[in-house]
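Colleague: The listed protein sequences derive, respectively, from chains A and B. Reminder that position 130 of the first sequence reads as 130 in the numbering used here, one-by-one numbering, no gaps. Reminder that position 177 of the second sequence reads as 177 in the numbering used here, one-by-one numbering, no gaps.
It should be emphasised that the hints constitute simulated quantities derived from the structure, not laboratory data. Just so we're clear, the structure is a prediction, and the values are computed from it rather than from any experiment. Using N, Cα and C, we set each Cβ at its ideal position, and we do this for glycine too. Please note that a few of the clues may not be correct.
Stated by the list, open to error - Restraint-style ranges between C-beta atoms, simulated for each label pair:
| id | chain 1 | residue 1 | chain 2 | residue 2 | range |
| --- | --- | --- | --- | --- | --- |
| 1 | A | Asp260 | B | Tyr236 | 23 to 33 Å |
| 2 | B | Glu49 | A | Asp260 | 46 to 56 Å |
| 3 | B | Ser197 | A | Arg229 | 49 to 59 Å |
| 4 | B | Trp68 | A | Gly134 | 29 to 39 Å |
| 5 | A | Asp204 | B | Asp116 | 52 to 62 Å |
| 6 | A | Arg229 | B | Ser264 | 29 to 39 Å |
Said to hold, decoys possible - Heads up, incomplete: computed chain B residues facing chain A, CB under 7 Å, no partners named:
| id | residue |
| --- | --- |
| 7 | Ser5 |
| 8 | Leu12 |
| 9 | Glu13 |
| 10 | Gly20 |
| 11 | Ala24 |
| 12 | Gly40 |
| 13 | Ala43 |
| 14 | Asp100 |
| 15 | Gly101 |
| 16 | Gly104 |
| 17 | Ser108 |
| 18 | Phe155 |
| 19 | Leu160 |
| 20 | Ala165 |
| 21 | Pro168 |
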Amino acid sequence: MSPPFENELDDAQEAAGILLLRVALALLGEARLRGNFGDDAELAEQATALAAEFDGGVPSPYPKRPPIEGSLLRPDRISLSAPFGEGGSIVESLGLDGILFDGGTAFGVTSKQVEPKEMNPEERADLERRQAKGRAEQERRLRFTASGFVRSVAAPSQPSATVPILAIELFEDGFYVEFTYDTEPPTFDLDEMTTEQFLAREKDPEITVEDDLGTEYFESGGGCGGGVRVSHSSRGFVPAPPPNARVLHITAGGASVELDLQP
Amino acid sequence: MALASIERRELLEMALRPLGALGAGAEFPQDEAGIEALIGRLAEGRPSEPKRFAYEDHGQLPRYDGKWTTWLSPAGDGALRVRQEHPWDLTSEAVVLHPDGRIGEFESIDGFGVPDSELTDQALADHAAHERHAREVAEQEPEREQQLEEEQTRFRTGNLIRAVAAPPGQVPTGPIVAYVALYKTGVMINYLVPRPSQEELEPDDPFAEPLTEAIFPRLEIKDGLGTDFRSVDIDYVDANSSPLRARVSFAPAVPTTARSLWISFATTVVEIELGAS
Chain A
1 MSPPFENELD DAQEAAGILL LRVALALLGE ARLRGNFGDD AELAEQATAL AAEFDGGVPS
61 PYPKRPPIEG SLLRPDRISL SAPFGEGGSI VESLGLDGIL FDGGTAFGVT SKQVEPKEMN
121 PEERADLERR QAKGRAEQER RLRFTASGFV RSVAAPSQPS ATVPILAIEL FEDGFYVEFT
181 YDTEPPTFDL DEMTTEQFLA REKDPEITVE DDLGTEYFES GGGCGGGVRV SHSSRGFVPA
241 PPPNARVLHI TAGGASVELD LQP
Chain B
1 MALASIERRE LLEMALRPLG ALGAGAEFPQ DEAGIEALIG RLAEGRPSEP KRFAYEDHGQ
61 LPRYDGKWTT WLSPAGDGAL RVRQEHPWDL TSEAVVLHPD GRIGEFESID GFGVPDSELT
121 DQALADHAAH ERHAREVAEQ EPEREQQLEE EQTRFRTGNL IRAVAAPPGQ VPTGPIVAYV
181 ALYKTGVMIN YLVPRPSQEE LEPDDPFAEP LTEAIFPRLE IKDGLGTDFR SVDIDYVDAN
241 SSPLRARVSF APAVPTTARS LWISFATTVV EIELGAS
């Protein structure tokens with residue numbers, strides 16, 4: 001895997017972006033006269049021909065895709081896509097009034113097919129065990145819909161905690177643990193970052209949850225927000241604590257806190 | 001990515017608008033009144049990112065009004081010259097746009113494109129305004145740094161006092177407050193709002209933001225002591241869920257003498273008893 005911040009990729013992206021806009025201008029130049037962008041097939045053909053005119057017939061980075069793909073959203077709106085590099089695409093939508101919207105850059109993942117390795121019975125059994133475990137975990141994760149909110153329980157004050165627990169948000173089928181921790185801005189330049197550094201950036205701390213009944217809780221989604229020097233995170237767990245559970249022990253950053261679940 | 005390329009892309013994005021505004025016209029107007037009328041017909045685009053367009057005389061020195069303006073001038077043969085200024089360094093990128101959407105060569109302009117001795121009164125005035133603005137920006141730098149430091153550290157863990165749960169049993173059809181987090185430097189309100197229907201989330205207007213409007217309804221807080229709270233940050237906690245989960249932060253801190261916090265949405269008020277600090 002190559003670092004995602006390389007100059008070659010930037011150059012390809014620049015060229016794709018300029019080409020897409022030149023094609024957009026020429027398509028609009030015709031469409032404005034007739035009051036619509038024509039039909040889908042005609043548009044796609046025209047986008048390909050214009051791209052060839054403007055870039056001198058440089059082949060597309062993807063053999064099966066033209067340098068600019070055009071498609072009709074409605075008679076007065078089109079979508080254009082310009083592939084670049086390995087898996088990148090610039091996309092824009094254009095209205096007959098000359099306004100661009102829903103633009104962005106997408107990076108896909110490229111893959112190579114490898115010959116499957118012959119496994120002995122022991123290896124095959126191990127693989128099947130791991131696959132079954134993964135499926136079970138996935139099923140548990142999907143169980144938490146967070147649709148029926150019940151109530152929140154605030155955590156007691158934890159003055160010396162590095163990862164203070166703020167509260168839990170209880171839902172009918174699971175709960176979120178809300179916590180916060182300090183972060184620092186990266187000390188290295190994003191443009192110079194290697195793939196290993198990129199992947200090793202700060203990760204959310206581990207959170208474990210237990211109750212007084214021995215219920216087994218599984219992580220199920222969540223997210224984090226905040227600024228460059230602090231994070232406020234939300235970690236989902238399933239199942240919801242049983243009604244007769246009295247307390248929840250949450251451990252984060254090497255410290256534990258007890259939340260009283262009784263209303 | 002090279003700055004020149006970004007500037008060229010931005011220029012071409014701006015060139016689309018007069019072309020769209022030309023409608024079924026055969027050529028771009030070649031006089032001031034016609035170009036001003038064209039500018040008057042330009043589509044506005046995203047309301048939160050207004051773009052400024054203005055007319056400039058053909059053959060005159062380039063104008064810099066410090067507003068990132070796209071300047072339009074007649075280019076002959078029914079074409080339009082489109083120039084976008086870059087106010088931070090007094091440079092411009094320009095291109096000639098033909099009525100069929102074809103463009104000429106890109107033209108990069110440094111400053112006014114002539115020696116200082118040939119600057120007109122208007123160019124001298126624009127240059128002086130640019131220098132004045134640069135000085136003001138430099139003078140405000142320490143204040144901006146202090147403000148940034150304050151914003152970045154306001155809700156760090158060292159400032160956390162405690163969290164307080166909102167009362168259960170709130171009406172689920174409207175916004176529900178989940179809990180508040182009290183800090184020495186402000187307060188965070190965590191709440192849930194019903195998710196709009198899929199139909200509402202796919203409006204015809206490409207610049208409508210129904211999800212943002214739903215997740216950040218008008219929200220005010222009062223502490224009964226008359227503290228003037230201002231919103232300092234908004235944050236999606238979970239925009240994919242149903243209900244949606246969000247957080248809005250306010251400053252200053254809730255005074256330790258406050259007994260309750262009233263959180264008001266358009267049709268709901270939730271009182272949170274703060275108890276002993």
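Colleague: Would you mind marking each hint as holding or not holding in the structure?
Modeller: We went through each hint and held it up to the structure:
1. Taking the beta carbon of each, A:Asp260 and B:Tyr236 are about 30 Å apart, inside 23 to 33 Å as hinted.
2. For B:Glu49 and A:Asp260, the Cβ-Cβ distance of about 49 Å falls inside the hinted range of 46 to 56 Å, so the restraint holds.
3. Checked against the hint of 49 to 59 Å, the pair B:Ser197 and A:Arg229 fails, with Cβ atoms roughly 38 Å apart.
4. With their beta carbons about 51 Å apart, B:Trp68 and A:Gly134 fall outside the hinted range of 29 to 39 Å.
5. For the pair A:Asp204 and B:Asp116, the supplied restraint of 52 to 62 Å holds, since their beta-carbon distance comes to about 57 Å.
6. Checked against the given bound of 29 to 39 Å, the beta carbons of A:Arg229 and B:Ser264, roughly 30 Å apart, stay inside it.
7. Interface hint at B:Ser5: satisfied, since its Cβ lies 4 Å from the closest Cβ of chain A, which is below the 7 Å cut-off.
8. The interface hint given for B:Leu12 holds, since its Cβ lies 4 Å from the closest Cβ of chain A, which is under the 7 Å cut-off.
9. The restraint placing B:Glu13 at the interface with chain A holds, with a minimum CB-CB distance near 6 Å, inside the 7 Å limit.
10. Residue-level restraint check for B:Gly20 holds (minimum Cβ-Cβ distance to chain A is 2 Å; threshold 7 Å).
11. Against a cut-off of 7 Å between C-beta atoms, the interface hint on B:Ala24 holds, since the closest Cβ of chain A lies about 6 Å away.
12. Evaluation of the B:Gly40 hint against chain A yields a violated restraint, the C-beta minimum of about 14 Å exceeding 7 Å.
13. Contact between B:Ala43 and chain A, as hinted, is supported at the beta carbon level, the nearest pair being about 4 Å apart and thus within 7 Å.
14. This hint holds: B:Asp100 has a C-beta 4 Å from the nearest C-beta of chain A, less than the 7 Å allowed.
15. At a threshold of 7 Å, the smallest CB-CB gap from B:Gly101 to chain A is about 3 Å, leaving the interface hint in force.
16. Nearest Cβ of chain A to the Cβ of B:Gly104: about 11 Å, over the 7 Å cut. The hint is violated.
17. The criterion of a C-beta within 7 Å of any C-beta in chain A is not met by B:Ser108, whose closest approach is roughly 14 Å, and the hint is violated.
18. Taking 7 Å as the C-beta cut-off, the interface hint given for B:Phe155 holds, the closest approach to chain A being about 5 Å.
19. The beta carbon of B:Leu160 comes within 6 Å of a beta carbon in chain A, closer than 7 Å, and the hint placing it at the interface holds.
20. Taking 7 Å as the C-beta contact cut-off toward chain A, the hint placing B:Ala165 at the interface holds, the least distance being around 4 Å.
21. At about 4 Å, the closest approach between the beta carbon of B:Pro168 and any beta carbon in chain A falls short of 7 Å, and the interface hint on this residue holds.
Figure legend: structure checked against the earlier numbered hints; hints not met, in rising order: 3, 4, 12, 16, 17.
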